[in-house]
Structure formats: structure tokens, C-alpha cells
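A.B. asks: These protein sequences, in sequence, are chains A and B. Once you know that position 144 of the first sequence is 144 in the working numbering, the rest is easy, because the numbers rise by one and skip nothing. Once you know that position 84 of the second sequence is 1084 in the working numbering, the rest is easy, because the numbers rise by one and skip nothing.
Hints may contain errors.
[Claimed, not checked] Mimicking DSSO-like on lysine-lysine, the simulated pairs with C-alpha atoms at most 30 Å apart in a straight line are: (1) B:Lys1135 <-> B:Lys1108; (2) B:Lys1059 <-> A:Lys97; (3) B:Lys1074 <-> B:Lys1173; (4) A:Lys97 <-> A:Lys2; (5) A:Lys2 <-> B:Lys1119; (6) B:Lys1074 <-> B:Lys1119; (7) B:Lys1059 <-> B:Lys1119; (8) B:Lys1108 <-> B:Lys1126; (9) B:Lys1173 <-> B:Lys1110; (10) A:Lys2 <-> B:Lys1059; (11) B:Lys1135 <-> A:Lys97; (12) A:Lys2 <-> B:Lys1110; (13) B:Lys1119 <-> B:Lys1173; (14) B:Lys1074 <-> B:Lys1108; (15) A:Lys97 <-> B:Lys1108; (16) B:Lys1074 <-> A:Lys97; (17) A:Lys97 <-> B:Lys1126; (18) B:Lys1173 <-> B:Lys1126; (19) B:Lys1119 <-> A:Lys97; (20) A:Lys2 <-> B:Lys1108; (21) B:Lys1126 <-> A:Lys2; (22) A:Lys2 <-> B:Lys1074; (23) B:Lys1110 <-> A:Lys97.
[Unchecked claim] Partial list, derived from the structure: chain B residues whose beta carbon lies under 7 Å from chain A: (24) Ile1050; (25) Leu1070; (26) Arg1073; (27) Lys1074; (28) Tyr1078; (29) Pro1084; (30) Tyr1086; (31) Phe1097.
[To be verified] A short, non-exhaustive set of chain A residues, derived as facing chain B with CB atoms under 7 Å: (32) Val6; (33) Arg10; (34) Ser14; (35) Thr98; (36) Leu101; (37) Leu103; (38) Ala104; (39) Ser105; (40) Pro106.
Bear in mind the hints are in silico, worked out from the structure with no lab data behind them. Every residue gets a Cβ at the ideal spot worked out from N, C-alpha and C, and that includes glycine.
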Amino acid sequence: MKNALVIARRELGSYFASPLFYVIATVFLGIQSFMSYNILSFFSYQSFQEAQIQQMGLTLNVNEMVIEPSLINMGVILLLMSPLITMRSFSEEMRQKTFPLLLASPVHLWEIVAGKFIACLGVLSVLVLASSYFVGFILAVGSPEIGPILTGYLGVLLMTGCYVAIGVFASSLTDNQLVAAVITFGFVFLMWIIGWAAQSAGETAGEILDYLSLVNHLQNFTQGMIDTSDLTYYLSFIAFFLFLTYRVLESRRWR
Amino acid sequence: MIEVENLTKSYGPRPAVDRLSFQVNSGEVVGFLGPNGAGKSTTMNILCCILPATSGTVKVHGFDVFENPLEVRKRIGYLPENPPLYPDMVVGDFLKFAARLRQVPSSKIKSSVDNVVEKCMLGDVKGRLIGRLSKGYQQRVGLAQAMVHDPAILVLDEPTIGLDPIQIIEIRKLIRDLGREHTILLSSHILPEVTQICQRVVIIHEGRIAAMDTLEGLTASLKKTQRLDLALRQGGDDVRSGLAELDCVISAAETSSGKFTLECHPGSHPQDEVARLVLDRGWGLDELRPVSLSLEDIFLQLTTEEKEVTA
Ligand SMILES: Nc1ncnc2c1ncn2[C@@H]1O[C@H](COP(=O)(O)OP(=O)(O)OP(=O)(O)O)[C@@H](O)[C@H]1O
Ligand SMILES: [Mg+2]
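Chain A on its own, in the form it takes in the complex (with noise of 0.2 Å):
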């Protein structure tokens, strides 16, 4: 474990020289700041006719109808983020030609697989982490409830890492990082709409479709409910994906 967190620590100190790195978290908060700002002025345009409201019988409640939605839209912002922090960790080392440098070293395969992994999850943690600022002006003016909020991130951090073990095992199959990148994309938004079809498959393929489904997973933790089938999922999905960015590197070699 010691030397996957060498590699993570050279990895994360790479990603922070880049201007790509500063580039995507400018765009990143700059989105992530217009939508929650929107959500927010919406929700105190209601407060104003709260009254009018509550005579229809519903209360406001700013976890709902901003923290919540707020989070979901961050799992999309990181969606369109994360291919682009990913396809770099194994493309560049064989574009580099530097991945032997790791090979020849007294490594497990698996120990660089997880420095990978814990560098990309990293990176787009800070940047999750940083937008969180939003949730402290909240703190600030209102009294939301202390509970969802932190499920809330630890949900959003499980499905980045989810689509992190998916970028990473992308950027294992080539050494060109923008076909990574689109390997990434198109998958991990393929298992955030997979529910989709549920409605139109039978009731078993359904139900499978919907238990897929990446997003699906994350309403609980929103919610502030931490369900073991919810945490079993996004822990098996990124287990399952570093698996196989295993079996390919290996395989790589006997070429």
C-alpha cells in the first residue's frame, strides 16, 4: 500500500503543476457556482411565498430543494470532468514510455493500478471538496440538516470513484489519452441513463437495469440514508473495474 501512495503522491503532484488541472477545476466551480446559485435564488424566490405555499399543504425544506439537487448536479458536472482526469494515468505513461520505470521497480501491478486510482479520485476530490464552499454560506444564512449533507458527499465521492475506476481502466487500454477519454465518457453516462430503459424492459430486466443504474444509487445518500445495497454497489462497481484495469495491463505484457 506504501507504494501505491508513492505513486499517487508523484501522480497528484503532476496533475497540480498542469494548467489542465486549473483549467478544468475554473470550469468545474464556475458551472457548479451558476447552478447551485440558481437553485438557491429559486428556492428564496418561493421562501417569499411561502405562505401561499404552505396553504397547499407542502413545507420548504433547503436540503430538498437545494442541497439535493445541488449534488446531483455536481455527479453530472463531474461526469463531463472526470474523463478528462482520468485519461492521462495510463495513456501518458505508455505514450511517455516511462511505464517500465514502474514495472522494473519491486511494485505489484495491483499497488500501481491503486496509486492510479487514488490519484485521479484525489484530484477530483479537491475539486468536489472546493465547491463545498457553497454548502458553508448555506450553513451560514439557513439551518439545513447536518446529517444528509455529509452522506450526501460521501455518495457523490463513491460514484466519482466509480467513474474514476472506469477512466482509469480506459486509459489502460491505449496510449492515446482522447480516445480514453471518450472510452470513459460514453460509458460512465451509458450506466447513469442505463435506468432509462427499465420502463420498457420486463420486470426483471427492469429491475436489474434500475440496480445499475449509477445515479439511481445516489438518492439515498442524498436523502441522508446510508443502505448497504446502495454502498455494496458503488464498492464492487469501482472494485470490479480496477479488476479489470488489472487483467489488461497484466495481459498487456504477455504481447
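Since the structure of chain A is already known, use the hints to place chain B with the ligands on it.
C.D. replies: Same frame as chain A, now just chain B with the ligands:
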């Protein structure tokens, strides 16, 4: 130190390395010589546990590369054909990273990095980005990362390729100095380079060992013989002694029934006499050919390449 036995590696149907066997003893500097595509890099990659072999065994320090790759990697420092350098890293940071990766204890990282920086004369560029260095300095950084964990064995794949003559002289001198403390296997396709640095040479061609000897031994044996492979429909001792009695033949050996290897005096066209004898006695000539490339041919090929670099 390094024991290679019957090593074979195939990419697709054709073997790139074909039943290679050789040894490198402790403290030796051995040159691995061969023309382009001979299989030098392939062999070295297998030795450093980067590529798996198709068959055969390689042992380093008694550890099998297939069963104990981590132990082997701890003891080897490898400079691949393309030095594995991250262009966006600063030389010092890169060497620290390499040291950590090789599990140098954290208390010793600084001193081992300083040590290789001094040995490889990198002091002036320690704070510069690797991507901005000249090829020669990059090569030295490559060498420095290979020895940062002070491995017993250094495997260097064409360490002087792409350098200008002055840098070549410097790197060769550096490797000679390293040879006092490390066991070194070094590949090259330049004969004079090997003669300057190494005590012993393994010459490979098309994946097979063409010769393996000390330099003196090699040059001495070179001029003496020419080898013929002969296949007859009849075998046996009397056939062999019949062949051996020819004037042009120095020695004859039967490798399997009807198959002979003849060592002949060179320049005497021994094929003519051998064929005449075989036909006269009615032994049934199936095949007679000089061994595809004699050492001389290989040497010629090696020496004519970049002959001007003799510094
Ligand atoms: N990944 C690969 N896939 C298919 N064939 C390969 C691969 N790598 C090497 N080869 C083939 O194996 C043979 C040996 O290659 P190798 O790189 O070991 O030669 P070399 O002795 O290092 O040559 P050079 O002096 O050019 O570096 C060559 O014929 C080469 O084409
Ligand atoms: Mg080579």
C-alpha cells in the same frame, strides 16, 4: 549472478529470442552485442521482469524472475532503451521518487539521491525540468534512476545511443567506474564500445547466441574456423571419422544421427571437398550449408556500423 537458461520469447510465431543460455558472474561487466533486432532489448526486459518469457528460466541472485519478480527487481537497476523519464518533473524530485519506488528507507533517500547526482555529474541540473534537458543529460538521469537504490546488478540497454561523441566518452567512463562496484550487463551494437568497457562479450544474432567469450578469446577463435552444417542419409562413427580426415576439416561432430557439424579452415571452400567425399562414398547428401552468418560476418556487420565512433 544472472543465469539465463534456454530462454525463448516469441512475439507471434517467430521467436525473437531463441533458446538463449548465458551467465553473468558477480563483479563482471558483460557486453551484450548484436545488430538491430537481435533480441537484446527483449532479453533485458525479461531479465528485469517487465516481459514474461515464453519458455526457459532466468535466475538473478538465485531468484527466478517468474516466481520471485519482486526480489529480482530489488536487486536490479534497469536503464531501458528509452530512458523512462517524466518530462514534467524536476530532476531531484524524480530521483527521490525513483528511490522511494525502490524502497530506499526514507532516512537514506536524501543521501542516495545526492550520491547518484554526484556520480552522474548532475549537480548543475538537479533543479531543472527533465523535459528541458539535453539528450545527454537525460541519459544520465536515466542512469541515475537505475542506480539510486544501489543495486548489485545494473542492466543498461544501449546507454550511449543518440549521444554526441564527447558525451559518449563521458558515459563510457562513468560505466567503467561503475563496473568496479556493480555487476553490469550492457547492450550495444557497436563493437569498439564493448571492447572498451567490457571484460566479456555475448554476441547474439536473430535471437541466438553467435559467440560468447572474453574479448581475447573471441578474436583468437574468430580467425581459425568456419562452420558447416551437414545432413546425410547415413550416420555413424566411420562416416564422422571419414569426414574428419579431410584436409580442410579441423573437427567433425555428429549432433544427431546423420547430422554433422564441421569446423573447417576458413577460406579453403571446404564445401567442395566435403560434397565430393560424400558423393564418392555414397552417403547420401541431404543438406550442406555454411552456418548462416559466421562470426566474421556478424563482426563485420557490427564493426562497419558507426565505425567512426572509436573514442
Ligand atoms: N512488442 C513487440 N511485438 C512484436 N515484435 C516485437 C516486439 N518487440 C520486439 N519485437 C521483435 O523482436 C525482435 C527483437 O527485438 P529487440 O527490440 O529485442 O531487438 P534489439 O536487439 O534490442 O534491437 P535494437 O538494436 O534495434 O534495439 C525484433 O525482430 C522485433 O521486431
Ligand atoms: Mg534494443
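A.B. asks: Are the Cα atoms of Lys1059 of chain B and Lys97 of chain A separated by 30 Å or less?
C.D. replies: holds (26 Å)
A.B. asks: Would you check whether Lys1074 of chain B satisfies its interface hint, that is, whether its CB is within less than 7 Å of any CB in chain A?
C.D. replies: It holds, given that the least Cβ distance between Lys1074 of chain B and chain A is near 5 Å, below 7 Å.
A.B. asks: Could you check if Thr98 of chain A really has its C-beta closer than 7 Å to a C-beta on chain B?
C.D. replies: holds (4 Å)
A.B. asks: With chain B as the partner, please determine if Leu103 of chain A meets the hint condition of a C-beta pair closer than 7 Å.
C.D. replies: Since chain B brings a Cβ to about 5 Å from Leu103 of chain A, closer than 7 Å, the hint holds.
A.B. asks: Assess, step by step, whether the Cα of Lys1074 of chain B is no farther than 30 Å from the Cα of Lys1173 of chain B, and give holds or violated.
C.D. replies: holds (25 Å)
A.B. asks: If you draw a straight line from the CA of Lys97 of chain A to the CA of Lys1126 of chain B, is it 30 Å or shorter?
C.D. replies: holds (22 Å)
A.B. asks: Any CB of chain B closer than 7 Å to the CB of Val6 of chain A?
C.D. replies: holds (5 Å)
A.B. asks: Does the alpha-carbon distance linking Lys2 of chain A and Lys1119 of chain B stay inside the 30 Å limit?
C.D. replies: Holds, because 29 Å separates the two Cα atoms, which is no more than 30 Å.
A.B. asks: Would the pair Lys1173 of chain B and Lys1110 of chain B pass a check requiring their Cα atoms to be no farther apart than 30 Å?
C.D. replies: At roughly 25 Å apart (the allowed maximum being 30 Å), Lys1110 of chain B and Lys1173 of chain B satisfy the hint.
A.B. asks: Does Ser105 of chain A pass the interface hint, meaning its C-beta sits closer than 7 Å to a C-beta of chain B?
C.D. replies: holds (4 Å)
A.B. asks: Taking only the CA atoms, is the gap from Lys1135 of chain B to Lys97 of chain A under or equal to 30 Å?
C.D. replies: OK: Lys1135 of chain B and Lys97 of chain A at ~15 Å, within 30 Å.
A.B. asks: Answer holds if the nearest beta-carbon of chain A is closer than 7 Å to that of Tyr1086 of chain B; otherwise answer violated.
C.D. replies: holds (6 Å)
The structure shown violates none of the earlier numbered hints.
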